[in-house]
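Take the two lone chains, each set in its own frame, and fit them into one complex as the hints suggest.
Those protein sequences? They're chains U and W, same order as listed.
No gaps in the numbering here: position 143 of the first sequence is 1151 in this note's numbering, and each next residue is one more.
No gaps in the numbering here: position 110 of the second sequence is 125 in this note's numbering, and each next residue is one more.
Calculated directly from the structure, the hints in this document are not laboratory data.
Zero decoy hints are in this set.
Coverage of chain W stretches by chain U, computed from C-beta distances (three or more under 8 Å per stretch; other residues unrestricted):
hint	stretch
1	49-56
2	88-98
3	101-108
4	118-130
5	188-201
No more than 25 Å apart at the CA atoms, straight line, and that leaves these computed lysine-lysine pairs for DSS-like:
hint	chain 1	residue 1	chain 2	residue 2
6	W	32	U	1180
7	W	32	U	1177
8	U	1180	U	1168
9	U	1168	U	1047
10	U	1180	U	1047
11	U	1072	W	111
12	W	84	W	29
Just so it is clear, CB atoms sit at the ideal spot from N, CA and C, and this is done for glycine as well.
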Amino acid sequence: MSEGPSLLTIFVAAIFTHNVALTYLLGMCPFIALARSLKTAFGMGVAVVFVVALTSSVNWCIYKLILEPAGAQIITYIVFIVVIAASVQLVEMIMERFFPALQAAFGIFLPLITVNCTVLAISLFMMLRQYTFVQTVFFSIGSASGFWLAIVLVAAIYEKLTLIGDIPKGLKGPGIIMIITGIVALAFMGFQGMVAIQ
Amino acid sequence: MALLKKMFGARGGKVFKNGIWSDHPVCATTLGICSALAITNKVENAIAMSAGVVFVLVLTAIIISSLRKWVPGRVRIITYMITIASGVIIVDQVLKAFFPTISEAMGPYVGLIITNCIIMGRAEAFFIQNRTYNSVLDAIANGIGYTYALLAVAVVREVLAFGTLLGFRVMPGIWQNWAVMAMPAGAFFVLGTFLWITRTLADIEPPPGA
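Chain W on its own, in the form it takes in the complex (with noise of 0.2 Å):
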């Protein structure tokens, strides 16, 4: 936390650290869960997706906090959704063009960054109303906190799915790949230990009324 504060500034360090930690946008918001659970089958999409999502949360941090003098309130919802659009289209043709395979295995869920909560939720709760250098940070923030909970799911299912990680062979050879991991059920399995461990760690509070 000390490092935090000198290296952002007191603002700045809290702001760091509601979003890769007590803010968590998976864990504590549970927002951007499609994503986690759709393609965290291969470490490789996990990355390619934290990537496009990170990508375009600086990138809508940057637009919309540098607007958010001239963007009136009635109109605001709109603006996000066409900035955000204009964000993905760059990572769809980006991905399309050297990434193909990637860009294959994926399929429709690049055009879903658009609905991942994660960059609409911070649009309306933090850039909308900061100054452009910390709505910056808190995109980073929360993209860092993204990209690990993608992470820790996509490994742990790919080892336990195909034996293997980034494709290399790292399970012993009489290891029997677990199908369940590689399926539906296994991601919301695994996300959901996952959300638990976090939650505990964290001592997050559950939601109301639950």
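Chain U with its partners taken away, still in its complex shape (with noise of 0.2 Å):
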């Protein structure tokens, strides 16, 4: 076992210093084509949560027990996206066969998921730290709840001020939500020095 920071440290530091879609600015192309309504946004959410946690995982024990140990670091990437869009695929029949309403309240969200570079860069981010299995699970769950809450609050936001606010033309859509992910940013600034990792 690695010593590194805590548990908690990781889960915390993951939602609000570390905000992986607000500091890191992933998974920003379904974020901003997603946060215009407040129910595909959590539908999207949820769908990252789960996904998130279940391929850093499985790539966790791929990378530390047949990657490392055979020295084949190089195809890496190759690897990881392949058990992405595997995990996916998989993810999704299961729900067909045993959880029909679940699948389809996701919908759409879930083959997306494969290009949503959140996923792809929380198992990269625990490669590079070099984090135990336990540590790997409460950041990648963390992480994505951190998107969750991010395009969430967004949502939420855009949708009041398409209610009361007379939008230019040009600014409707990704460049208006832009400027309310940018003032949300700012504000999660605020979190700064509450814990650090890394």
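Structure below.
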């Protein structure tokens, strides 16, 4: 067991001070596209938490138990992305078979997650920071919840804003969502200094 | 437009114009946003990132459009992924070997070229259905569009945040560095404004429901 930050530190840092969306700017493509409605944002957030927790645990096992002993780190990227694509497919198939209602609720979000950079990034971070398995689990759930929190916050602000505001045509959609996200990111800077990792 | 037509033929010219202006990957379809935000705090990093993306994009265009008749529809996504991931491994190794400081600064973002949705998006929307020549043109045009968007954001952010351009001091001595611009929040504000300007100039319709 390598000595590292405590589990609680990792978890809190991943949600607030090192938020994956607002500090590392990851997963922005689906973020900008889906933050237009609170309901879809919420669905995407749940799906991300689920897939991230699954794939980063699987990737940790593959990396530590197979790739590192074999000295095959050069193909890490290919292995990680295939694992992610395969897990998403598998989760979709299992859901279709056993939880059709849940699958209908997730809808298009599950297949979209394959190209969400948050998922790959969290696997890469846990590899670079040499986390243990338990740390990886806490880190991945924390980060994904951070993404969930951020996308829901922005979507809620956007919904209210469209009710009251007259947004210029060029700024409608992605432009204004980005400005809102910027303001939320500024607010999240207030959490800095609360906990520190790396 | 006429010049483009002369250079690349009727179809090629249209493809080219779409990529760099009316169907601009960052501004019109808002793809590849993560990297446009994350590594644009220094112009140097933006150049390295763009070079990497253009390389992978062209490589994917050549491979996918040449193989398009033999790739079964059901496995096309995984084919894109493996092609892209192989390209990214090359970029990563080259950066590590020849530009270690840039490789250090970009960290995991090199690996994240794999999930840069521009490459995946163009593969699905264009390379899989078109001839190699047009696909490569499309890849280069989208690459140029991506590069100038990144450069525009990076120049503004580096000048405002550090008072420098590619490491050289450009602002007068009394300039107070605007630290927020180097932070994530600054990235959102600059890119948001950039989208506003380009979407107004190119007269891009807002997405439905917005």
